[in-house]
Each structure stands twice: as C-alpha cells, then as structure tokens.
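Going by full-length UniProt numbering, the sequence shown opens with residue 1, and the numbers climb by one from there.
Fair warning: there could be bad hints in the mix.
Unchecked claim - Distance windows between CB atoms, simulated:
#1 P99 <-> A161: 52 to 58 Å
#2 T142 <-> T33: 52 to 58 Å
#3 A137 <-> L239: 19 to 25 Å
#4 G163 <-> Q243: 18 to 24 Å
#5 R43 <-> S67: 36 to 42 Å
#6 P99 <-> Q242: 23 to 29 Å
#7 R263 <-> L239: 35 to 41 Å
#8 G224 <-> A105: 15 to 21 Å
#9 S67 <-> S140: 35 to 41 Å
#10 D247 <-> P99: 36 to 42 Å
What the hints assert, rightly or not - Here are the simulated SDA-like pairs of lysine to any residue, each with C-alpha atoms no more than 25 Å apart in a straight line:
#11 K81 <-> P191
#12 K81 <-> T142
#13 K81 <-> P160
#14 K81 <-> R219
#15 K81 <-> E186
Worth flagging that the hints you see were computed from the coordinates, not collected in a lab.
Cβ atoms here follow ideal geometry from the backbone N, Cα and C, with glycine treated the same way.
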Amino acid sequence: MCQTPEDTNSATAGVSALCCCRKAHIRQTVSPTLQEGRLFARRPVVCVPLSPAHVRVRLHWAREHSSWTPEQWGHGLFTDKSRFNIQNDSRRAMLWREPGTRYRAPNIVERDHYRGGGLLVWAGIATNGRTDLYVFAGGSVTAARFRDEILHPLVRAFIPAMGTDAIFMDDNARPHRARLVRSYLEVETIPHMSWPARSTNLNPIEHVWGMLGRRFAGRSVEPGTLHELQLVLLQEWALLPQQAINDTIASMPRRCQACISARGYHTRYFSVWFPLRILPTNLGCRAATAVIYMFLFVFALLFDMWPSNATPTSCITFTHIH
Numbered sequence: 001m002c003q004t005p006e007d008t009n010s011a012t013a014g015v016s017a018l019c020c021c022r023k024a025h026i027r028q029t030v031s032p033t034l035q036e037g038r039l040f041a042r043r044p045v046v047c048v049p050l051s052p053a054h055v056r057v058r059l060h061w062a063r064e065h066s067s068w069t070p071e072q073w074g075h076g077l078f079t080d081k082s083r084f085n086i087q088n089d090s091r092r093a094m095l096w097r098e099p100g101t102r103y104r105a106p107n108i109v110e111r112d113h114y115r116g117g118g119l120l121v122w123a124g125i126a127t128n129g130r131t132d133l134y135v136f137a138g139g140s141v142t143a144a145r146f147r148d149e150i151l152h153p154l155v156r157a158f159i160p161a162m163g164t165d166a167i168f169m170d171d172n173a174r175p176h177r178a179r180l181v182r183s184y185l186e187v188e189t190i191p192h193m194s195w196p197a198r199s200t201n202l203n204p205i206e207h208v209w210g211m212l213g214r215r216f217a218g219r220s221v222e223p224g225t226l227h228e229l230q231l232v233l234l235q236e237w238a239l240l241p242q243q244a245i246n247d248t249i250a251s252m253p254r255r256c257q258a259c260i261s262a263r264g265y266h267t268r269y270f271s272v273w274f275p276l277r278i279l280p281t282n283l284g285c286r287a288a289t290a291v292i293y294m295f296l297f298v299f300a301l302l303f304d305m306w307p308s309n310a311t312p313t314s315c316i317t318f319t320h321i322h
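Could you put together the complete structure from these sequences and hints?
Have a look at this one:
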C-alpha cells in the first residue's frame with residue numbers, strides 16, 4: 001500500500017506535534033524535579049587530560065611541598081608563557097543593556113574570526129618583585145631560544161637579587177627539559193624546582209595572567225596592531241599591583257592542600273575571567289557607573305584569591321587568552 005503525499009505530511013506533522021508535547025512535558029516535570037535537587041544545566045569546564053601517572057606525580061609533589069612555609073614559597077620565582085591576541089576572544093565579557101536592544105550599536109562588538117594575530121609573552125613573579133615582561137619575536141620557542149632569550153638575560157640576572165635561597169620554577173614544556181637548558185642551569189648554579197606536568201592550577205602566575213588579561217580587556221580602545229598590543233601589555237604589566245602578586249604566591253599552601261584533597265586530580269583553583277569591560281551603557285549616571293566599576297574590581301581581586309576545597313571531579317579553568 002502506497003502512501004500519498006497527504007498521508008506523509010500528516011504523519012510528519014503528527015511526529016512533530018508529539019515531539020513538542022514530549023519536550024513541553026519534560027520542561028514541566030523533569031526540569032523542576034532536577035532543579036529541586038539543585039541540578040542545573042551547565043557547560044562542562046575544559047581540563048587538560050590527566051593520566052594516572054600525572055595524578056600520582058601531582059599528588060606526590062603536593063604532599064612533598066605541603067609543609068613549606070610562606071617564607072619558603074617566597075623564595076620561588078614562578079614563570080610561565082601566555083598568549084594575548086589583538087582582539088579579546090573572551091565570551092564572558094558582558095555589558096548592561098535593556099531588553100530588546102541586543103543589536104543596537106553600543107551593544108555590538110565587531111570582531112574578525114581570526115582575531116588579528118597575537119603575541120607570546122613570558123614573565124616571572126616573586127614575592128616583592130617580578131621580571132620584565134618578555135615578548136617573543138615570533139616562531140617556535142626552542143631550547144636554544146629559551147636559554148638565550150630567557151634564562152641568560154632575565155633569570156640569571158634576577159635570581160641573585162632574590163637571595164641565596166632563591167629557586168627557579170618553570171613548567172615541563174619540552175624545550176625547558178632539554179639537555180641544553182639543564183646544562184645551563186647547572187653551570188650557572190641556578191636552583192631549579194621540580195614541577196609536576198600538566199599542573200597549571202598549581203602555578204600562581206596563572207592568576208597574574210588573568211589580572212593582566214582583565215586590565216587589557218578593560219581598556220576603552222583595543223590595540224589595532226601587534227606593535228600597539230606589545231606596548232599595551234608592557235604598560236599594563238608594569239602597573240600590576242605587587243601586593244596582588246604577593247597574595248597569589250601566598251596561596252601556594254592552599255593550592256597544595258586542594259591538590260591533596262582531590263587526590264591529585266583537577267582542583268577548583270582557578271582564575272575568574274571577569275574583565276572590567278562590563279559597561280553600564282544605559283545607566284547614564286556617572287556616579288552609578290563609578291560604583292559598579294569599583295564593585296567589580298574589588299570582586300575580581302577577592303575572587304582571584306578565594307580558597308576552595310576540591311573534589312576529584314572538579315576542573316580548572318585556565319586564564320590564558322588564546
């Protein structure tokens with residue numbers, strides 16, 4: 001028996017109506033039940049993969065350093081690289097607007113998909129000090145470049161000023177583990193801290209990159225060229241409050257404890273990407289605008305330092321601007 005087009009259309013309409021009824025039923029029954037149990041739809045946090053070996057090394061490292069005092073952590077030079085783009089690609093940047101004004105000019109951010117290029121930078125932080133922000137001139141960072149552009153001109157000159165107990169920390173990037181780099185550190189007698197792989201949440205400089213990113217995103221005019229981007233980053237790096245950097249380093253005992261509580265898995269130590277480009281465009285009141293900006297600034301600083309106990313299922317949110 002053949003179906004006529006009318007029969008086919010009727011069947012399709014019936015299936016569509018049934019699907020709509022089922023969706024409405026789910027929204028009316030299942031969703032409220034889940035919400036009563038404090039279960040809500042949320043996007044999963046993206047984490048780096050951790051193998052069982054990574055987990056064991058992270059847990060061993062955290063236990064080994066859990067007894068370190070704040071004074072001991074204060075002797076560390078924590079370093080890392082990060083990338084910043086000409087166009088801020090954070091999708092958490094928000095603004096205040098009225099309903100129905102989504103496509104008005106003040107509420108639109110024009111952005112190319114390629115984001116206009118970016119710069120790879122390196123820096124180190126310490127208690128009561130920081131290195132210069134170094135901007136790589138492009139290309140891959142090889143072991144030779146890391147030695148000639150970072151270790152020799154920056155780290156070698158900075159470590160002695162920190163005192164006899166200073167220790168240098170970097171991540172486990174392949175160029176950093178090269179024989180060339182290890183030999184240089186031994187010849188220059190630069191103490192080197194062991195560091196577990198895939199453990200950016202343990203590195204306090206990740207929060208500092210977040211601070212720099214918020215200051216960069218909070219500027220009223222975005223840089224249009226790589227040269228302008230470089231000038232902005234150098235300027236904002238110099239303006240970062242040193243006390244905020246000291247506070248991130250002082251959080252190291254809590255970071256170790258969070259890793260131990262999570263048995264080496266991902267922790268909830270993260271840096272909130274809460275840029276100050278949250279513009280109350282429709283308020284029209286300078287006083288209210290100033291109050292909101294001050295509140296957001298204080299909230300961001302306090303939340304950056306907020307300690308939290310972790311669970312094995314929690315994840316880290318990275319502060320890098322890719």
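Here is how each hint holds up against the structure:
no., hint, in the structure
1, P99 <-> A161: 52 to 58 Å, "holds (56 Å)"
2, T142 <-> T33: 52 to 58 Å, "holds (56 Å)"
3, A137 <-> L239: 19 to 25 Å, "holds (24 Å)"
4, G163 <-> Q243: 18 to 24 Å, "holds (20 Å)"
5, R43 <-> S67: 36 to 42 Å, "holds (37 Å)"
6, P99 <-> Q242: 23 to 29 Å, "violated (43 Å)"
7, R263 <-> L239: 35 to 41 Å, "holds (39 Å)"
8, G224 <-> A105: 15 to 21 Å, "holds (19 Å)"
9, S67 <-> S140: 35 to 41 Å, "holds (39 Å)"
10, D247 <-> P99: 36 to 42 Å, "holds (39 Å)"
11, K81 <-> P191, "holds (20 Å)"
12, K81 <-> T142, "holds (13 Å)"
13, K81 <-> P160, "holds (22 Å)"
14, K81 <-> R219, "holds (22 Å)"
15, K81 <-> E186, "holds (22 Å)"
When held up to the earlier numbered hints, the structure conflicts with hint 6 and nothing else.
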